[in-house]
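Student: Residue numbers (my numbering), protein chains in the order written: chain P, 1 to 166; chain C, 1 to 166.
There could be a bad hint or two in this list.
Because identical chains share one entry, a pair is satisfied inside a single copy or across any pair of copies.
Claimed, not checked - Straight-line alpha carbon distances no greater than 25 Å define the calculated BS3-like cross-link-like pairs of lysine-lysine that follow:
1. Lys54 / Lys19
2. Lys6 / Lys19
3. Lys19 / Lys45
4. Lys42 / Lys54
Simulated from the structure, these hints should not be mistaken for laboratory data.
There are 2 protein chains.
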Amino acid sequence: VAGTLKELLDGASEFFTAKPERARQTVSVGCELVGVTEVAVKAGKHTLTVDEPKFAGGGDAGASPVNLVLAALAACEAIMYRCFSERLEIPFESLRVEVEGDIDLRGGLACADVSAGFTDVRVIIHLEGPESAERYEELHRVVGSNCPVLDTLTQPVNVSTELQIG
Amino acid sequence: VAGTLKELLDGASEFFTAKPERARQTVSVGCELVGVTEVAVKAGKHTLTVDEPKFAGGGDAGASPVNLVLAALAACEAIMYRCFSERLEIPFESLRVEVEGDIDLRGGLACADVSAGFTDVRVIIHLEGPESAERYEELHRVVGSNCPVLDTLTQPVNVSTELQIG
Numbered sequence: 001v002a003g004t005l006k007e008l009l010d011g012a013s014e015f016f017t018a019k020p021e022r023a024r025q026t027v028s029v030g031c032e033l034v035g036v037t038e039v040a041v042k043a044g045k046h047t048l049t050v051d052e053p054k055f056a057g058g059g060d061a062g063a064s065p066v067n068l069v070l071a072a073l074a075a076c077e078a079i080m081y082r083c084f085s086e087r088l089e090i091p092f093e094s095l096r097v098e099v100e101g102d103i104d105l106r107g108g109l110a111c112a113d114v115s116a117g118f119t120d121v122r123v124i125i126h127l128e129g130p131e132s133a134e135r136y137e138e139l140h141r142v143v144g145s146n147c148p149v150l151d152t153l154t155q156p157v158n159v160s161t162e163l164q165i166g
Numbered sequence: 001v002a003g004t005l006k007e008l009l010d011g012a013s014e015f016f017t018a019k020p021e022r023a024r025q026t027v028s029v030g031c032e033l034v035g036v037t038e039v040a041v042k043a044g045k046h047t048l049t050v051d052e053p054k055f056a057g058g059g060d061a062g063a064s065p066v067n068l069v070l071a072a073l074a075a076c077e078a079i080m081y082r083c084f085s086e087r088l089e090i091p092f093e094s095l096r097v098e099v100e101g102d103i104d105l106r107g108g109l110a111c112a113d114v115s116a117g118f119t120d121v122r123v124i125i126h127l128e129g130p131e132s133a134e135r136y137e138e139l140h141r142v143v144g145s146n147c148p149v150l151d152t153l154t155q156p157v158n159v160s161t162e163l164q165i166g
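Extracted from the complex, chain P is given alone in its bound form (with noise of 0.2 Å):
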């Protein structure tokens, strides 16, 4: 399977190379309110429950959104140091990746002027296998500056919302 990964990524890094426009995608997931916080999520045939916790008035049905946000910078890390590992040969045995992100509630609360979302966030990697430091090191780098979900948060993103009503 490793070799299948490493042959399959090469692949399309040279066939988007070569046809810029096919790697130009757009995802999408849609979202219903099903309870009093609780919201069933769809992306693809994926559903996921999301709600928030009894001390934020929810039913606790799911983790919260800002808990997802944090576990999607914590799988994409995970899986882009897998990806670059096959491609650069760097082979680990083992990996586990912690989160955290700093939050002020007032924001969410509108009760201060404060940004509502998370402002630092430190991501810690925690990997053992039989290469040396450097070339873990050199795997790091790479998936620092190729991570999507990294540079999703770490670049201002341009996000339009309408409202459609009826």
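Please arrange chain C on chain P, whose structure you already have, making use of the hints.
Tutor: Chain C alone, transformed into the frame defined by chain P:
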């Protein structure tokens, strides 16, 4: 339940206005690579499976990280609509949110000097209810200024990453 949510959120606003230091919180999640690209995420008591689709070399055991980011945004918008609907007393009957984001796959593959993450994201909120369009536009503006995940995406977040080997 509706009254309870308003009371809880208004109470939290008062509490955090009086004690701002209690509003500054740190949210944390952890994950482990458990397959080729399959990741098991723990966010408090909630667990979730993240994976890449098969065309990207994964097993498609769960939503992908880039889908998860959009899911977090869609769900956060929906929940903030509920919260401010209760607080501002602008009731609605049903709410759906669609989110789509543009991404260039060459970024994550490191085969072109383009952003790896989302550049443009569009959110459409579909709402049905008995209030006037003006009232719902007011709700839309308040959510737009106070949605934690929307703010996290539109503002650049300071993210540090650290690799720990062994």
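Student: Run every hint past the structure and note whether it holds.
Tutor: Evaluated hints:
1. Lys54 / Lys19: between (49 Å within a copy, 21 Å between copies)
2. Lys6 / Lys19: within (20 Å within a copy, 52 Å between copies)
3. Lys19 / Lys45: neither (27 Å within a copy, 44 Å between copies)
4. Lys42 / Lys54: both (23 Å within a copy, 18 Å between copies)
Hint compliance for this structure: hint 3 alone is broken.
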